[in-house]
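S.K.: The chain contents come next:
2 protein chains.
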Amino acid sequence: MARVYNFSAGPGTLPVEVLETAQADLLDWHGTGMSVMEMSHRGDAFVSIAEKATADLRKLLDVPEGYSVLFLQGGAAGQFAGVPLNLMGDAGRADYIVTGNWGKKAVKEAGKYGDAQVAATGEADAFTRIPPRADWQLRDDAAYVHYTPNETIQGVEFPEVPDVGDTPLVADMSSSFLSQPVDVSKFGVIYAGAQKNAGPAGVTMVIVRDELMGRANAQTPMVLDYKQQADADSMLNTPPCFAWYMCGLTFEWILANGGVEGMAERNARKARKLYDFIDGSDFYRNPVAPEARSRMNVPFLLADDSLDKTFLAQAEEAGLSTLKGHRSVGGMRASIYNAMPEAGVDALIDFMRGFEKDNG
Amino acid sequence: MARVYNFSAGPGTLPVEVLETAQADLLDWHGTGMSVMEMSHRGDAFVSIAEKATADLRKLLDVPEGYSVLFLQGGAAGQFAGVPLNLMGDAGRADYIVTGNWGKKAVKEAGKYGDAQVAATGEADAFTRIPPRADWQLRDDAAYVHYTPNETIQGVEFPEVPDVGDTPLVADMSSSFLSQPVDVSKFGVIYAGAQKNAGPAGVTMVIVRDELMGRANAQTPMVLDYKQQADADSMLNTPPCFAWYMCGLTFEWILANGGVEGMAERNARKARKLYDFIDGSDFYRNPVAPEARSRMNVPFLLADDSLDKTFLAQAEEAGLSTLKGHRSVGGMRASIYNAMPEAGVDALIDFMRGFEKDNG
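Protein sequences, first through last, are from chains B and L. Each residue of the first sequence is one higher than the one before, counting from 307 in our numbering. Each residue of the second sequence is one higher than the one before, counting from 307 in our numbering.
By construction, these hints were calculated from the structure, which means they are not laboratory data. Each residue gets a CB set at the ideal place from its N, CA and C atoms; glycine is no exception.
Simulated pairs of lysine-lysine, PhoX-like, Cα-Cα distance not exceeding 25 Å:
| # | chain 1 | residue 1 | chain 2 | residue 2 |
| --- | --- | --- | --- | --- |
| 1 | L | 533 | B | 418 |
| 2 | B | 533 | B | 492 |
| 3 | B | 533 | L | 418 |
| 4 | B | 418 | L | 418 |
| 5 | B | 358 | B | 533 |
Label-pair ranges, simulated between beta-carbon atoms:
| # | chain 1 | residue 1 | chain 2 | residue 2 | range |
| --- | --- | --- | --- | --- | --- |
| 6 | L | 578 | B | 623 | 55 to 65 Å |
| 7 | L | 354 | B | 524 | 40 to 50 Å |
| 8 | B | 489 | L | 348 | 32 to 42 Å |
| 9 | L | 489 | B | 489 | 52 to 62 Å |
| 10 | B | 656 | L | 365 | 40 to 50 Å |
| 11 | B | 656 | L | 625 | 51 to 61 Å |
With the hints as extra help, turn the sequences into a complete structure.
M.R.: Below, the structure written as structure tokens:
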């Protein structure tokens, strides 16, 4: 077996140790005589898996009392509806900060349920920078302010959590979740699809301040209702058991590798190496303002885009997979999530250096 | 490794051959150097997996032209909202035939979105029989009639597809999906959580007549919108890739084992054996009317329920797992889905015979 370095933006690479554990246990989890995929979600075995994963996630992010941790289905896109359905309440207003494609989708979906306003957008700058905080048009009576800490497609990341006063802050943290410490107490809701840093696609984590629950729109599908799901320990209906289990294994791996602090340190080092290399070259470039560059997703363009196809084909041959950029940005994108080893970034830089030499 | 016979009602047992294939490919699917869990859902490898699974499902059920096959998240409970949101339209009315707990939940959820009426219910008979067709109070202007072909908790199954005239028929087929042939053309929508006969929890199949799409309520979350998902080949957002893949492996296993016709024959034989044994005993009994008995879920009661705990403990020791009945029915329940080998049913009957001898 030859594993490649997989730079996919998501679903993305998982720690090989996590996959090896899952493989070993696939037909018989801990002597139960069955796969995790075959277990009743109400049985002791799966409940122990779910509880351990939940406790480990709370530990990793130091989730305070007064917050619930949910494991739901439907992806972040499901939460684009779930957030307004649960939180808009009587005010019916919410403010969105748009710094890329995902924020655009989020505010569009929220518009189905109330007055969802774009309070600031980086679109005029092709999402290469974050609109200055002073320019945000926030409303005092908004039920929440929503933003996307890291935009996967544009590779734009907030360097810090914005201050929005007393209005609950909601974050689609899909692509930076668990990549660094975060002060959960600053948020009303954090949600994240697993398939970047936390596990496989098919499970979405929602961390919600308890006092915000219980005000859901009467038309909220029960599977998206935070209060009902919290009361049922995320088992209002059959949860995505295997994906939840895989997240649990990944949480254990993160804990064993320095926690989110360890991830942050390694992620910063990986990103710095790659950006430094790109910035030191006339052959490659990254269009994002330095202070807003993502540590997770690094888009880069060739000075001569007629070489894109050759670059991608040769990279694939060299075991560097899924480097194609999103069609709305073009060029290349290297997603370097937690599970991408530093050696993978080194190999990418070596390849890029060689490609420049051959084609520059 | 000692695999048990797992009688869980769901998530339920999977074919061991399917698990073995998944295990072998877990770190490197077909030489790609990555797990299915790590693949971009937009890449050639995963798209080929998704397309093959979809084509095999169409083949298994002989899905006619004019129907779309979707792989969504959220479970059947998500579809309890998805169906009315997509289909109720201007009429805003739907009729529900309730033959157990799941039908009750479905009509309750639909009531959030319009006038969802219980047109017939077996509740007065503790859901031990199906209300006679002549007594159903169907409305001519209902957007659809919803029923649950097999009720997992009560073990009640419709012996045939009911005739509801020109009104689109909608079925929550979760627990009998792929257990026998079905004439899809009789249905407007069929939906099914995978975790009984089709794969692991976390993916829900929806087969929908195309002419019913495109009339979704404006507040339908996009992830539940049939038309949008059909147009995007179920990839409006990241799908539950690994669960979809596991379903594909299970479809291949069904095809290799006689298709749904082969499943139906084996399932009928397994169920007959077990019901015959129960009916021939004064020690065990099944309360369901013989013509409405489920081939998938066989609840049974001991004449002396003080022995329930002993029965369950000794069964577990004998490698017969997860036989406890649902709390609303009590006693025991043996779920004998496609992947339960006939030898498992034989082992259960042997055990039951011995237990009766020791305790009768």
